[in-house]
Amino acid sequence: MANKVLVIGSGVAGLSAACELAALDIDVEIVEQSDFPGGHAIQYTCKATDTCVKCGACMVEEKLDRVVNHPKIKVMTGTRVQDVSKSDDFSLKLVKKPLFIDPEKCTNCGVCFEKCPEKGAVVKGFSRNHSPFYAISEDKCLYLKDRSCTICQEACPEKAIDLNVPEEAKSTRADAVILATGFTPFNPVSKPYGYGEFRNVVTNLELERMLRTDGRVLKPSTGTEAENIAFIQCVGSRDAKLNHLWCSKVCCGSALRMAGLVKARQPGTQLTFFYMDVQTFGRDFDVFYAKVRKDVRLIRAIPGDIYPVAGDRLQVTFLDNVSSETMQEEFDLVVLSVGMTPCRGLQETAETLQVQLAETGFAEKDGQGTPASEKGVFLAGAVTGPMSIPESIASAGNTAFEVVKYLGV
Amino acid sequence: MAARDIIHMNELDHTRFKSWGFSQDFCVTCGLCSSSCPATGIDGFDPRKLIRMLSLGLENEVVASRWPWICTLCAKCENVCPMEIDIADAVRRVRSLRDRDKVPGIIHKGLEAALETGNNLRLPKDDYVFILEDVAEEIAEEPGYEGFTVPIDKKGANILTTIHNKLVNTHTEDLKHWWRIFHAAKEDWTVPSENWEGTNWAYFTGDDEAMKIMTGRIVDHMHKLEVKTLMWPE
Ligand SMILES: Cc1cc2nc3c(=O)[nH]c(=O)nc-3n(C[C@H](O)[C@H](O)[C@H](O)COP(=O)(O)OP(=O)(O)OC[C@H]3O[C@@H](n4cnc5c(N)ncnc54)[C@H](O)[C@@H]3O)c2cc1C
Ligand code: SF4
Ligand code: SF4
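For the record, the sequence lines run as chains C and S. Read in order, the letters of the first sequence correspond to residues 1 to 409 in this note's numbering. Read in order, the letters of the second sequence correspond to residues 1 to 234 in this note's numbering.
One chain only, chain S, in its complex shape:
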């Protein structure tokens, strides 16, 4: 933690995070969160201390600290906390206080790419469509899947599904499982050709505005393609 050694009592402001509805002030410092957390100890990360920092109003220290970014947001702590403190949500809120250009590299870059290009990889539309069609052709060669194609932007389909960027990058094999199931179930489905990113890294960077944009795009697809059901595996 990049905290100073000495913090003077008169620098504490217990009211600083008062408006945050995560009950952080109810912490009884039992330590159940820290005992249960899978990330406790990484760079000294200690969820109990982090929650105490919020209660004490140590804004600069907690925002500058690496701890909120070590947390995996798995919420195991929340699950055991006897005081019902929304620890993971509080951590996410702390993340939102960082200058955006100080958000750790990979999630920051991925999100920026997604906002600008519709996916975390900056993958051009042609390349994306090429990959999908290539995978569909491989499936069509399997017995029982003759004539299989990928229905892109199909208006009026029953299910819309999004794509995790790794499925058109390093894990194309994993696309096939879903698609085979759709085929076997005779499902009427579709994928979008643009803004197809299923992950929403704005969740991890604590950026609510960006999260809204990413989610809004999926909703737009559903309206435009007149699809009622969303399958969002991410």
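Next comes chain C alone, as it looks inside the complex:
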């Protein structure tokens, strides 16, 4: 029988591992629990201004393009691994949540998205490789809640929507499994920045999505352009109280690249970056750092309180290093650079696959006892700890190499 590898998670790590293996004629199945493949990074925008700033966003698009068009790779979205048993190879039980929109019939016209009365019930993808480009959210859809609405089903000109599709149980086999379930962004509600309470406090991930979909920075409260933006770094990283002692590594670069992009597109914008120390991971950091320092005011202190003031603005109190006094300044958008935390549900998945977790909660490559890899389970990408897109790709490359050795191809 031909070798087959199952990849759990279709982030840039899972996609890269799949490409490497498929290139060696190995069959790959990717199981992705969300509606759209590509993980977090497919939601990021290219941050090039007049030159490329090496943010890596395009690499994800490119991997996804290769994956969806590769005959050896099959992507199953909305799917989770429920159970695994192992003799010589792995037998896996999968659950696929209902795919309410039939990919064969859908033409991506977007009528469902336009007609849906409930915010967030029909969601959009991020890439032209997301097909269908729309999906129905099980949490938000009114029909799924109380059967009160069938507007999209009736409106779809292709009759592609069926809200009564049941969940599907599937099974598959694999010779090796790659765990590439990535990370979960830190939820900043517990921090004193009013996230979830003040509309103009957003996360870096939300800003990434905004830049990708709208191309500009808009204030959620009004939909108009933000003119004075504060970035607060290290939210949920380097924090002993949360037991998050790690630096998330990517957020300094990501925030400064976004700031650079905003300055290029909306030159009137004032940008302030509150930080502990700028983490310059990656060889390409100085490509844009010198320039961004001219465009962005850098303040080496994390702010304390945020209060809403008139006109939907936010008053931020922070230490001014120069005067050694606290200053209060108003911003119209505050971006929290939330860190990377272990992927939600990782503990369960790790137990099923007998993968060890480190004290941090991330998966451990070389833990105590027999490494999972000797039993055919491998790790790739941010599931093992914070890393950037290029690092995730490199990690997936190494993993693919180990898998090939294990399979003896």
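Because the hints were derived from the structure by calculation, they are not lab data. The C-beta atom is built at its ideal place from N, Cα and C for all residues, glycine as well. One or more hints might be untrue.
Said to hold, decoys possible - Partial list, computed: chain C residues near chain S (C-beta under 10 Å):
id, residue
1, Q233
2, H244
3, R265
4, P267
5, Q270
6, Y275
Add chain S with the ligands to chain C, keeping to what the hints say.
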């Protein structure tokens, strides 16, 4: 700050405060403390710098500095510090390193008075009792409080309460609120006639020995008067 302009690297001793269990060496210099502190900026006070001075072992500088005395010990900084550094406790410990006669005037004098006389004001016992009884008489004139008296040194009462010195000085009206509540609740309560001071300024001067004496006096009252419950509003 009374620090010198130049501190030579070889004068730094990172091990100096090693035994202090306040985690000061874990500081990541994020500045959240200084951004949140209500006293930041007063005479250049900056909690982040103060914690760094401790990590660097700058003992003379930090002890001579006014900063530890500007801190209000409110601990807002501690509440936001991501590294769980006990900033307010560390500040208090620095205060404890000063020669006692260099502790800022008012708290030093108040504490000395308390240790010697049982209260921060050096108020003689007769005067104190007179004030309490005078206030009780005023209450007794109010409708519903007929016959009200203040039970001083009452053995076997249910509650012992201490007195903040300002309540027998400038704020006697404030005594009445508690007492009226006791009356309405038919509470069996008492106040001590000596060593009645409820504040413990040794907390602010960083003097643990004195703090123990002040607290010990209250415990003694409870034993002697056979009272099980303490109401210590200070
Ligand atoms: C705000 C922000 C900005 C960033 N910006 C940059 C940048 O500019 N440049 C850069 O290089 N890096 C950036 N990064 C880092 C980048 O996001 C990561 O390097 C990359 O996403 C890691 O890829 P991954 O495949 O390991 O994980 P993920 O992208 O997290 O993908 C994991 C996938 O697994 C799926 N999954 C999870 N659990 C299961 C399960 N049980 N079953 C099935 N599927 C599952 C998830 O749905 C997801 O699709 C940024 C990170 C953040 C938070
Ligand atoms: S990369 Fe920067 S923002 Fe992110 S955790 Fe590290 S230091 Fe903080
Ligand atoms: S908040 Fe804590 S970690 Fe941050 S600078 Fe202050 S003492 Fe250091």
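- request: Against the structure, test the hints numbered earlier, and report the numbers of the ones violated in rising order.
  value: 3, 4 and 5
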